[in-house]
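Numbering (UniProt numbering), first residue to last: 1 to 641.
Hints were generated in silico from the structure; no laboratory data involved.
All residues carry an ideal CB built from backbone N, CA and C; glycine is no exception.
It is possible that part of the hints are untrue.
What the hints assert, rightly or not - BS3-like, lysine-lysine: derived pairs with alpha carbons at most 30 angstroms apart:
(1) Lys480 to Lys309
(2) Lys269 to Lys258
(3) Lys280 to Lys338
(4) Lys269 to Lys280
(5) Lys96 to Lys39
(6) Lys338 to Lys450
(7) Lys412 to Lys508
(8) Lys412 to Lys480
(9) Lys280 to Lys488
(10) Lys303 to Lys269
(11) Lys303 to Lys480
(12) Lys488 to Lys309
(13) Lys349 to Lys450
(14) Lys349 to Lys338
(15) Lys591 to Lys412
(16) Lys508 to Lys480
(17) Lys96 to Lys258
(18) Lys309 to Lys412
(19) Lys508 to Lys591
What the hints assert, rightly or not - Have a look at the derived ranges for each label pair, beta carbon to beta carbon:
(20) Glu402 to Ala69: 31 to 41 angstroms
(21) Arg212 to Ala613: 57 to 67 angstroms
(22) Ile625 to Arg107: 53 to 63 angstroms
(23) Ala399 to Ile83: 54 to 64 angstroms
(24) Arg612 to Arg393: 42 to 52 angstroms
(25) Gln90 to Leu281: 19 to 29 angstroms
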Amino acid sequence: MANFFTDNDDLRFHFEEGVDWAPLVEVTELGYRTEDGFKTPQEAVAFYREVAESTGALAAEQIATRAAAIDREDTHLEGGEAIAGPAMNQIFDAIKAAELHRLCLPRELGGLNAPLLLYYLSGEMIARADVSVMTHHSFHGGMAMAMLVYSIHEGSTVLDPSRGRIDSTRFAEAIEEIARGDAWGCMDITEPNAGSDMAALRTRAELGPDGRWYLSGQKIFITSGHGKYHFVIARTEAAKDLDDPFTGLGGLSMFLVKAYDDLPDGTRKRYVTIDRVEEKLGHHGSVTAALSFDNVPGELIGKRGEGFKYMLVLMNNARLGVGFESIGLAEGAYRLAKAYAEERRSMGKPIARHEMIADSLDEMRTDIQGLRALAVEAAYSEEMAQKLVLFERFSAGLAPAERARVSRDLPKWRARSRRLTPLLKYLAAEKAVEIARRAIQIHGGVGYTKEYGAEKLLRDALVMPIYEGTSQIQALMAMKDTLIGAIKRPRDFLARIADARLSALTGKDELDRRLARVQGYSLSAQQHLLARTAAGKLRTLSVVPFAGWRDALTKGWDPKRDFSLAMLHAERLIRLLADEAIAEILVAQAKRHPGRRELAERYLDRAELRARALHEEITTTGGRILAMLAPEAEKQAVAAE
1 MANFFTDNDD
11 LRFHFEEGVD
21 WAPLVEVTEL
31 GYRTEDGFKT
41 PQEAVAFYRE
51 VAESTGALAA
61 EQIATRAAAI
71 DREDTHLEGG
81 EAIAGPAMNQ
91 IFDAIKAAEL
101 HRLCLPRELG
111 GLNAPLLLYY
121 LSGEMIARAD
131 VSVMTHHSFH
141 GGMAMAMLVY
151 SIHEGSTVLD
161 PSRGRIDSTR
171 FAEAIEEIAR
181 GDAWGCMDIT
191 EPNAGSDMAA
201 LRTRAELGPD
211 GRWYLSGQKI
221 FITSGHGKYH
231 FVIARTEAAK
241 DLDDPFTGLG
251 GLSMFLVKAY
261 DDLPDGTRKR
271 YVTIDRVEEK
281 LGHHGSVTAA
291 LSFDNVPGEL
301 IGKRGEGFKY
311 MLVLMNNARL
321 GVGFESIGLA
331 EGAYRLAKAY
341 AEERRSMGKP
351 IARHEMIADS
361 LDEMRTDIQG
371 LRALAVEAAY
381 SEEMAQKLVL
391 FERFSAGLAP
401 AERARVSRDL
411 PKWRARSRRL
421 TPLLKYLAAE
431 KAVEIARRAI
441 QIHGGVGYTK
451 EYGAEKLLRD
461 ALVMPIYEGT
471 SQIQALMAMK
481 DTLIGAIKRP
491 RDFLARIADA
501 RLSALTGKDE
511 LDRRLARVQG
521 YSLSAQQHLL
531 ARTAAGKLRT
541 LSVVPFAGWR
551 DALTKGWDPK
561 RDFSLAMLHA
571 ERLIRLLADE
581 AIAEILVAQA
591 KRHPGRRELA
601 ERYLDRAELR
611 ARALHEEITT
621 TGGRILAMLA
631 PEAEKQAVAA
641 E
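Take the sequences, apply the hints, and build the full model.
If you want it as structure tokens, here you go:
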């Protein structure tokens with residue numbers, strides 16, 4: 001019987017050896033204070049393995065076998081409702097029967113209290129079978145968890161710290177409906193003229209005379225937008241000046257909107273209208289809808305003006321999810337290509353034995369394994385950060401040592417998650433496209449036909465660099481955090497440069513020396529961008545009084561204004577940063593697990609060459625483009641100098 005967990009040695013390594021489950025189990029079980037929870041990490045991990053194996057079987061036997069049918073049947077709008085095909089409905093009946101929607105919810109809310117990391121690892125397997133299934137699945141249990149998290153953040157969840165449990169929560173009825181598999185939710189952000197620029201959102205929420213909020217406007221490209229429960233970002237303050245933080249992003253609020261009610265007579269009363277279901281290149285099993293709100297009631301979450309903050313609570317998790325989805329799709333593409341190459345013979349041998357094909361397959365496998373290591377590390381860091389906050393809040397009578405540990409560890413996990421998440425979202429999404437395209441090439445002419453399934457994987461992959469924050473947004477985020485971090489802590493930055501140079505020459509292990517070379521290229525590229533940026537900043541000080549120079553150089557940085565060269569090279573930089581992070585993780589694994597050394601060496605074989613090339617591009621190109629984009633006044637000033 002096929003199983004996408006047991007047939008994947010690298011995935012099982014992370015589960016069985018790579019993940020340090022004990023700290024994650026401890027915070028998930030609230031220090032083992034819960035009455036009906038696991039009492040040891042071993043108990044918990046045994047259960048997690050059962051879930052992983054059953055999900056692996058479901059993905060291989062029930063989802064993958066229906067992937068072609070899902071792609072053919074598509075979804076469509078009929079009588080104002082989005083209708084999925086029979087294959088998609090059969091799969092979600094199976095997922096409902098397996099109670100996967102309950103996976104991460106607390107036990108007192110009818111859940112299984114599993115870590116989010118298990119959900120992500122399961123998500124990779126489902127995405128390998130069909131990524132549109134995983135996309136829709138994420139808007140079931142994931143939205144129930146979002147309801148709980150929002151309620152905790154706003155203070156409307158009542159906790160019993162002595163027993164480590166929830167007594168009540170604001171959205172309990174909706175959470176249970178989703179957990180049963182009878183409903184799902186979605187996040188409504190994008191509008192016709194406002195995608196990444198959230199300050200331009202125009203959907204309005206107004207307080208009625210009855211004290212309730214009512215929403216009006218249009219949302220587009222809403223994944224699983226035919227769901228019952230919608231988290232909607234709407235403007236509650238007039239956007240008079242979009243540069244002002246309150247009337248721009250600060251004028252946005254978050255609402256929970258119920259899109260419809262199913263009446264006792266079997267009919268449905270709709271409050272949110274589905275205008276259309278998009279006909280897409282790929283992801284045919286996943287509904288993407290355009291929606292209209294016309295004075296629709298909504299419940300304010302948190303306080304007015306906090307919508308952007310609440311959106312960010314979900315965004316990190318969503319981007320991690322896309323990372324795992326991308327890896328699952330890439331795994332499917334690699335295995336499809338490898339199986340075909342081993343069977344297809346040309347010039348007296350399987351094409352897998354031809355040098356160029358063998359090299360391509362090796363690079364695909366290496367990239368996927370590196371990405372999986374990055375994904376697990378990023379997801380673990382984000383979950384530890386979130387769970388430590390809850391651990392402290394839910395647990396009564398924490399010993400001073402426990403509180404000190406939370407205070408010490410929380411900033412570390414937050415910083416690591418913030419560093420790794422955009423790297424994962426960027427590189428996994430881009431590599432999913434690259435690997436799916438290579439799978440078609442390895443198949444040759446038949447790859448361009450629908451018979452073998454390779455073309456479907458490329459169609460499905462192409463949206464990965466677009467949704468949940470485009471690749472370019474991830475690159476800008478990583479660039480900004482990296483360079484501003486160096487500006488704020490220059491001594492630490494210079495110390496890292498010195499350490500990398502020393503380790504590259506004197507490291508006892510060849511892996512350490514090779515890793516240091518990758519780090520050196522990354523740090524040198526950052527240093528170049530900082531030097532060029534500082535030079536530009538110094539030119540602006542001519543209009544600043546001397547007494548204000550210190551503040552201008554240490555505090556007055558505006559990435560949009562001051563980082564033009566870095567913005568030009570942001571995608572090159574994020575690729576370099578991602579290779580650096582993956583190499584660090586793999587070398588650390590190799591030291592703990594000698595069997596991983598071969599992977600670390602294999603990854604570094606390619607990463608060193610890429611790092612050198614990216615460093616060269618960053619430090620030698622870009623002047624012509626910047627000159628072309630510069631305002632005329634700036635061109636004249638530079639010419640005068």
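query: Among the hints numbered above, which are violated by the structure, and what are their numbers in rising order?
result: 9, 16 and 20
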